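Required output: the full structure, derived from the provided sequences and hints.
4 protein chains.
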Amino acid sequence: MSANTATLTLHCADVKGIVFHVSRFIYELGGNIIDAQQHSETIDDRFFMRVFFDTGGISRTRREIHEGLAELAARYGMETRLSFSDERKRMAIMVSKYDHCLYDLLLRHQYGEINADTALIVSNHNDLEHVAANFRVPFVCVPVSADTRAESETRVLELFRTHHVDFVVMARYMQILTPLFIDAYTHRIINVHHGFLPAFKGAKPYHQAYEHGVKLIGATSHYATADLDMGPIIEQETIRVSHAHSPNDLVALGRDVERKVLSTAVQAHADDRIMVYRRRTIVFR
Amino acid sequence: MSANTATLTLHCADVKGIVFHVSRFIYELGGNIIDAQQHSETIDDRFFMRVFFDTGGISRTRREIHEGLAELAARYGMETRLSFSDERKRMAIMVSKYDHCLYDLLLRHQYGEINADTALIVSNHNDLEHVAANFRVPFVCVPVSADTRAESETRVLELFRTHHVDFVVMARYMQILTPLFIDAYTHRIINVHHGFLPAFKGAKPYHQAYEHGVKLIGATSHYATADLDMGPIIEQETIRVSHAHSPNDLVALGRDVERKVLSTAVQAHADDRIMVYRRRTIVFR
Amino acid sequence: MSANTATLTLHCADVKGIVFHVSRFIYELGGNIIDAQQHSETIDDRFFMRVFFDTGGISRTRREIHEGLAELAARYGMETRLSFSDERKRMAIMVSKYDHCLYDLLLRHQYGEINADTALIVSNHNDLEHVAANFRVPFVCVPVSADTRAESETRVLELFRTHHVDFVVMARYMQILTPLFIDAYTHRIINVHHGFLPAFKGAKPYHQAYEHGVKLIGATSHYATADLDMGPIIEQETIRVSHAHSPNDLVALGRDVERKVLSTAVQAHADDRIMVYRRRTIVFR
Amino acid sequence: MSANTATLTLHCADVKGIVFHVSRFIYELGGNIIDAQQHSETIDDRFFMRVFFDTGGISRTRREIHEGLAELAARYGMETRLSFSDERKRMAIMVSKYDHCLYDLLLRHQYGEINADTALIVSNHNDLEHVAANFRVPFVCVPVSADTRAESETRVLELFRTHHVDFVVMARYMQILTPLFIDAYTHRIINVHHGFLPAFKGAKPYHQAYEHGVKLIGATSHYATADLDMGPIIEQETIRVSHAHSPNDLVALGRDVERKVLSTAVQAHADDRIMVYRRRTIVFR
Chain P
0 MSANTATLTL
10 HCADVKGIVF
20 HVSRFIYELG
30 GNIIDAQQHS
40 ETIDDRFFMR
50 VFFDTGGISR
60 TRREIHEGLA
70 ELAARYGMET
80 RLSFSDERKR
90 MAIMVSKYDH
100 CLYDLLLRHQ
110 YGEINADTAL
120 IVSNHNDLEH
130 VAANFRVPFV
140 CVPVSADTRA
150 ESETRVLELF
160 RTHHVDFVVM
170 ARYMQILTPL
180 FIDAYTHRII
190 NVHHGFLPAF
200 KGAKPYHQAY
210 EHGVKLIGAT
220 SHYATADLDM
230 GPIIEQETIR
240 VSHAHSPNDL
250 VALGRDVERK
260 VLSTAVQAHA
270 DDRIMVYRRR
280 TIVFR
Chain F
0 MSANTATLTL
10 HCADVKGIVF
20 HVSRFIYELG
30 GNIIDAQQHS
40 ETIDDRFFMR
50 VFFDTGGISR
60 TRREIHEGLA
70 ELAARYGMET
80 RLSFSDERKR
90 MAIMVSKYDH
100 CLYDLLLRHQ
110 YGEINADTAL
120 IVSNHNDLEH
130 VAANFRVPFV
140 CVPVSADTRA
150 ESETRVLELF
160 RTHHVDFVVM
170 ARYMQILTPL
180 FIDAYTHRII
190 NVHHGFLPAF
200 KGAKPYHQAY
210 EHGVKLIGAT
220 SHYATADLDM
230 GPIIEQETIR
240 VSHAHSPNDL
250 VALGRDVERK
260 VLSTAVQAHA
270 DDRIMVYRRR
280 TIVFR
Chain B
0 MSANTATLTL
10 HCADVKGIVF
20 HVSRFIYELG
30 GNIIDAQQHS
40 ETIDDRFFMR
50 VFFDTGGISR
60 TRREIHEGLA
70 ELAARYGMET
80 RLSFSDERKR
90 MAIMVSKYDH
100 CLYDLLLRHQ
110 YGEINADTAL
120 IVSNHNDLEH
130 VAANFRVPFV
140 CVPVSADTRA
150 ESETRVLELF
160 RTHHVDFVVM
170 ARYMQILTPL
180 FIDAYTHRII
190 NVHHGFLPAF
200 KGAKPYHQAY
210 EHGVKLIGAT
220 SHYATADLDM
230 GPIIEQETIR
240 VSHAHSPNDL
250 VALGRDVERK
260 VLSTAVQAHA
270 DDRIMVYRRR
280 TIVFR
Chain G
0 MSANTATLTL
10 HCADVKGIVF
20 HVSRFIYELG
30 GNIIDAQQHS
40 ETIDDRFFMR
50 VFFDTGGISR
60 TRREIHEGLA
70 ELAARYGMET
80 RLSFSDERKR
90 MAIMVSKYDH
100 CLYDLLLRHQ
110 YGEINADTAL
120 IVSNHNDLEH
130 VAANFRVPFV
140 CVPVSADTRA
150 ESETRVLELF
160 RTHHVDFVVM
170 ARYMQILTPL
180 FIDAYTHRII
190 NVHHGFLPAF
200 KGAKPYHQAY
210 EHGVKLIGAT
220 SHYATADLDM
230 GPIIEQETIR
240 VSHAHSPNDL
250 VALGRDVERK
260 VLSTAVQAHA
270 DDRIMVYRRR
280 TIVFR
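Protein chains in written order, with numbering that gives the first Met the number 0: chain P, 0 to 284; chain F, 0 to 284; chain B, 0 to 284; chain G, 0 to 284.
Worth flagging that the hints you see were computed from the coordinates, not collected in a lab.
Be aware that one or more of the hints could be misleading.
When chains are identical, the list treats them as one kind, so a pair holds in a single copy or across two.
[As the list claims (entries may be wrong)] Below, computed lysine to any residue pairings styled on SDA-like, alpha-carbon distance capped at 20 Å: (1) Lys259 / Asp271; (2) Lys15 / Gly56; (3) Lys259 / Leu215; (4) Lys203 / Arg278; (5) Lys88 / Thr263; (6) Lys96 / Lys259; (7) Lys203 / Ser95; (8) Lys15 / Arg74; (9) Lys203 / Phe166; (10) Lys203 / Arg239.
Quick caveat, the model's predicted, so the values are computed rather than measured.
If you want it as structure tokens, here you go:
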């Protein structure tokens, strides 16, 4: 992907001519649309758009572009977000002791599948330091206990500022975050739940699934919100199981699904393909 | 499939030698095992077995075979069920106004995919009488209202007796059955729920799914029990959806999944491949 | 879906401003874009676009709209196609003796899932006349033999003209069409092949699959071309199988996949969501 | 899994009483069957069986058990294989420069998902030495050129003998093996092909898939035979793609499928769940 591209996402009331106005804005800048996607939420009469365009032919400064966009947005009541591909997002990964999601993220990053840089890895344990070392990513251990949760989170937020973190991936981080922490990165903390939400919320979802004798298990990636396990869903996947699988087998099978849904969500977030509206996501492909 | 086969299913405490004792029983009868499957439920220390065997070489009477089996069962504390393939099961289908599951069952029956006969179709409306006529299956309309539920169910149970019904398929039958009715066919009434249970129990699951912004929808077939939508799950399947699907789209996509999970459950039941233990099913393939 | 919509599809060399020019054309007409999708074929430097728009606010005549579009197309070297939703496409279905794809199409049509009318059913046998009768669709039997192929095809093409047929669905029609017939409906004849093309071309694909011991079987829908089984692929799907499935089992499992891929292709064609470029399709969702 | 188990696999002509004779053999030894699976190949009239049993109650020596089995096998013309779970298989992994399959194998081994030990990693390049080092597995670089193929293979076979290698995994090893090498490990070399065999044999399958405009891509794991890419298939999987995916995108998507089908095949081989008969596999689950 060329460094000379940008992604504009926006949503507004669904009135006539939005595609025309947005494409004119980009055309008059000198940009060239490579891909554009829309979605009309008919129930709410809301229009969503993502435009991915080549900026090679644009002679304005970024300040001018942002100003022009602000004007357009004001005229049509748009909420907009514009990001340039040479301003790569910086990702923090939070882990505890499970390594399967961490490996999957680091390997996909290495293959160029994730459009972001890995700023650092934060953990409440030091078990996975060697993985970070192998991939040459900074690793910081910030222990957490019930008594020290506030200080720990403050320390982590400081680290994020220092490392210019844009978004956070909870790669099976086994600690509950406070609303204060979550509010600092609204719709920028991606979590994976090892259950097919909204079924099996909470702890030990694979054991719950076994007890119910379900024939499919699943995993869900979503944005973390104050309401635990109920944030906007980004991606879900299921896998077929049978009576022959013990709870431990379900845990093993679940690892594959967990790493897949988390990485897919991270890729979409890094590409600015996700928009959140109310409690739902629009995920452009 | 030859008429000269039989299926034995059994479960018992998991002690040494069960496979040996069962295979000796069949060998000494003169039967030949075509397929045998086992499952050990290690948590409950329970052993499940299904044996499908050729009865062509057996010279004993069925009464003698059943007596021999009763003796074996008593010795090892087995619960057993034996069915001969020339005693085909008779299936009743209950419908209301939706025809997609009904057509799927009738077509699969016609293709020889369901190892049972269609005894009759019962409906609380007469909308689908023409479908029954096209496939030349008896159709009886038994209207239901809140006041007449008891009489209606009595009438249906009488019809089932008259038509020698062995098991019942609720092919989107939109009435709640009373415990009395369900108890008459314990683990022999197969229902389809248009949701990925245990999420989205109850009414309008596709609208619930839309509200939650889920990325997969599903359907579940299960045995009807007094505890609505919580009977032992037989089969589940999911299908990928996105923000672009309206609740109506989800209903349309759901039809495919509903008919598939219901027909798969009916095939398994007709083949004696399902065993129920506590709240879960063992479904041999 | 409102009657007052239209779908414009186009492709052209990928130059700056296409989205802008097209959206301006529609804006100036008074149309309102509901959905627009693009695709850039970077290898061929080709741009594809589908615009679905509300025509309620347009005061020009259709002749004027077509003239305006022709002008736009000439300026940018576009190949365009414009269809109005009140000019519903008319579909002919060709069958032989298998009914599973036919039922699936007729039922989905009845549920409103296919955006076209069923003009007639043509068959080289009369086995399925009763199905046509049940759904009240005209049925014409046109027998075919090696000697009479030319006359038969001429007769079918006449029927298609009489019934204003826009596209043709070969729902397991077991006769080979001549290039003459295919050329009369270029990229408007949808076929289903009961194999995962390009593997298992030709006859008895399920037996070929069994011989190879494959662990998945599939089906493919594609536009018929003179080069048998090699026309542009529209949709494919696979299903898991194992050593335990006989060739006959594969045939039964295949029916589900065949009807699904064929109906999905027909829905896409009826919605003007398919564009063919060289030997490949672009299928917008 | 307890160390005190064993797995017996066998096949023979399908005569009456095989299950009985085998289960009696184990019963009389003092073993307890945990799981038993059968398959009747009706076309060839061949019977396949896998028995997994607890050996805790057996007082005979392994020599005596093998002798007893040889006698049983001789009586019924069985080909048998017996392996004890405390004699863990030793696996060699061959790689070139791609690491995704290697990581997947090493991680699953670490999670206890593969019932074998990793004896060593052999590569024709030294790029992946660091991965081997991180997981503390011996790594040997054996360069290969057209001129030195014979000597290189001799060297590798020596290494395998030294390290007591039971089976070999070609985790995207980009060299062709000679029949001599393959014959040394008949049906014990597991390869992954990045295509949905038998379509897209040979090189650059993802580019072939793109050219054909397929809507699914796949990968296949199989036993290596002298007939390249045509050995008995063990596992296959497909993933949905569209016109929007470039050949490079297909390569990236393919990595997920490749690692999954290879690891699944390795797990099955390590568990003695695969039997090869003629050109097909029976894979018990």
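Worksheet item: Is it within, between, both or neither when you check Lys203 against Ser95 at 20 Å Cα-Cα?
Response: For Lys203 and Ser95, only the intra-copy Cα distance (16 Å) is at most 20 Å; the inter-copy one is 39 Å.
Worksheet item: When no copy is named, should Lys15 and Arg74 be tagged within, between, both, or neither for a Cα gap of at most 20 Å?
Response: within (13 Å within a copy, 25 Å between copies)
Item to complete: At 20 Å max between alpha carbons, let me know whether Lys203 reaches Arg278 within a copy, between copies, both or neither.
Response: Answer is between: at 19 Å across copies they meet the 20 Å cutoff, but 25 Å inside does not.
Worksheet item: Is the C-alpha distance from Lys259 to Leu215 at most 20 Å within one copy, between copies, in both cases, or in neither?
Response: Classified as both: same-chain Cα gap 16 Å, cross-chain 15 Å, threshold 20 Å.
Worksheet item: Is it within a copy, between copies, both, or neither that the alpha carbon of Lys259 lies no farther than 20 Å from that of Asp271?
Response: within (19 Å within a copy, 28 Å between copies)
Discussion item. Reference check for the pair Lys203 and Arg239, CA-CA at most 20 Å: within, between, both, or neither?
Written reply: within (18 Å within a copy, 25 Å between copies)
Discussion item. My question is about Lys96 and Lys259: at a cut-off of 20 Å on alpha-carbon distance, are they close within one copy, between copies, both, or neither?
Written reply: within (18 Å within a copy, 23 Å between copies)
Item to complete: Indicate which option fits the pair Lys88, Thr263 if close means a Cα-Cα distance not exceeding 20 Å: within, between, both or neither.
Response: within (16 Å within a copy, 35 Å between copies)
Worksheet item: Within a copy, between copies, both or neither: where do Lys15 and Gly56 come within 20 Å Cα-Cα?
Response: Only across copies: Lys15 and Gly56 sit 10 Å apart there, 28 Å inside one copy, limit 20 Å.
Discussion item. Please sort Lys203 with Phe166 into within, between, both or neither, judging by C-alpha distance up to 20 Å.
Written reply: neither (27 Å within a copy, 36 Å between copies)
When each numbered hint is compared with the structure, a violation occurs for hint 9 only.
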